[in-house]
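Whenever a hint applies, use it, and build me the whole structure from the sequences.
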Amino acid sequence: MLQQHLSAYKLAAILLVIVGLLVQPLAGSSPSFAFDDVKKIKIPKAKKRPSLSYRPQSSRGSLKYNASVGILTLRDARVMKFFGGTDEFFTESAPQAIGDILYFELKSSRLFKSTKRINFTPGSELSKAQLAQIAKQNNVDLLFVADLQAFNMLRDKMVMEKKGVDYKIIVRFGLFGQLIDPASGKILWAEQVSREFSGLNSTGKIKPFDYSGNALQAIQAGFDDVKQYIRATGMELRP
Amino acid sequence: MNVSRLILSAALFAVSVMIVPTTATADDDFLDSISQQLRFREAFSYRNKMEQRSVTVGVETFGKKEQQRVLGDKVGDFITLDVAVTNDTPIRLHLNDIYVVSNGKIARQEDLNFVVKDIDPGGGGKGNLRMSILRKSLFEKSLQTGIIEPGETLQGIVFIKKKQLKKSGTLHVRVQNLRQVAYLKYEIPFKVK
Chain A
219 MLQQHLSAYK LAAILLVIVG LLVQPLAGSS PSFAFDDVKK IKIPKAKKRP SLSYRPQSSR
279 GSLKYNASVG ILTLRDARVM KFFGGTDEFF TESAPQAIGD ILYFELKSSR LFKSTKRINF
339 TPGSELSKAQ LAQIAKQNNV DLLFVADLQA FNMLRDKMVM EKKGVDYKII VRFGLFGQLI
399 DPASGKILWA EQVSREFSGL NSTGKIKPFD YSGNALQAIQ AGFDDVKQYI RATGMELRP
Chain B
3 MNVSRLILSA ALFAVSVMIV PTTATADDDF LDSISQQLRF REAFSYRNKM EQRSVTVGVE
63 TFGKKEQQRV LGDKVGDFIT LDVAVTNDTP IRLHLNDIYV VSNGKIARQE DLNFVVKDID
123 PGGGGKGNLR MSILRKSLFE KSLQTGIIEP GETLQGIVFI KKKQLKKSGT LHVRVQNLRQ
183 VAYLKYEIPF KVK
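Protein chains in written order, with the working numbering: chain A, 219 to 457; chain B, 3 to 195.
Rather than coming from a laboratory, the hints here were simulated on the basis of the structure. Glycine included, each C-beta is placed from N, C-alpha and C at the ideal position. Some hints here could point you the wrong way.
The following residues of chain A were derived to be distant from chain B, with all beta-carbon distances above 10 Å [what the hints assert, rightly or not]:
#1 Ala285
#2 Lys299
#3 Phe338
Coverage of chain A stretches by chain B, computed from C-beta distances (three or more under 8 Å per stretch; other residues unrestricted) [said to hold, decoys possible]:
#4 368-376
#5 398-406
Put into structure tokens, the structure is as follows:
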């Protein structure tokens, strides 16, 4: 009888050790949160959505172009919206907000004598005559046309196993811009910039703070690149 | 005797449970697709192509086997086009616009989230892992507008809804000169496999 009891206790103890072994992290391959689940990524409630607005840093550099520039409405050339087929992860519509930032950034860059917004969304083909007309109507010397190529949230699993909630949350920003002299039809500067910022998330849920900071950093860094490239590689205008 | 057999079975079970997660994910098609790309070619080697002023655009459709290899699964509601633009000029270009005309109607690539929904990698831990791979894959392997440097080929997948593209179509591509405002237009007829 006693022997039977002892065997049962022995068996229970061994099973306990095995279960313990299963639950604890094993040689680094299974993370400690291996049995957590990733929650469905939901659009935040309207009042909790972060804003894409920020104050750009002004430049003390010298004028690059002694000319006025008109900035046409930003075209949305993305293949995907921010995440899950929607841009509603922010207070503002992403192309609208990034279009605003484009204007503020170029205005504070001191690259141009003056900066003006032009409420005209260009199509995929702009003729020289059309550009000259837009410039004349708005009384500007140069035109800036830009495409939003990327503003997306992507996720990258840190440990390539089906279990675990260890995801890197990446925000990617890409923009193509061109500075056009409408009088001659010449393109003074054309470049595309791309930036991405990321952070590790291991909660299984995505909250606004998981992507908003990275989104702003990526946009800011992208526009810093645009301004530096225009200053460094933009063709000079002959008087 | 029975107790020791029981202990041995429990221990073997525990070891098998510990091994399974690593081997199960190793055979996943979505994981395999991370290292798979479209076979890189210049546009003039495509079955359907058009050349103008040393700029060539090529298009071919590809089927379920290739979809599975590149994306991890088949795409049900979409025709997949492999499109390449080769710039053999000394001038920088910009790929401005891509669309298909079929039966007189224009079909554009829709938001790639529709492709994600169509493939539907499922939910739970496994589904989430696959979803993250698929989104990144679609983002990186699809054809997007952008600069084509001299000597460079821009290549990628264009997804067009099956109901918008019948047995044949015409691929329309517009390329911009980045020295001065001028465009090249391409119209390439192709047949769906």
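Verification of the hints:
1. Ala285: It holds; alanine 285 (chain A) is separated from chain B by about 17 Å at its closest Cβ, greater than 10 Å.
2. Lys299: Not fine: 6 Å to the nearest Cβ puts lysine 299 (chain A) too close to chain B.
3. Phe338: holds, 15 Å
4. 368-376: holds (count 6)
5. 398-406: Result for this restraint: holds, n = 5.
In summary, the structure is inconsistent with hint 2 from the numbered list given earlier, while agreeing with all the others.
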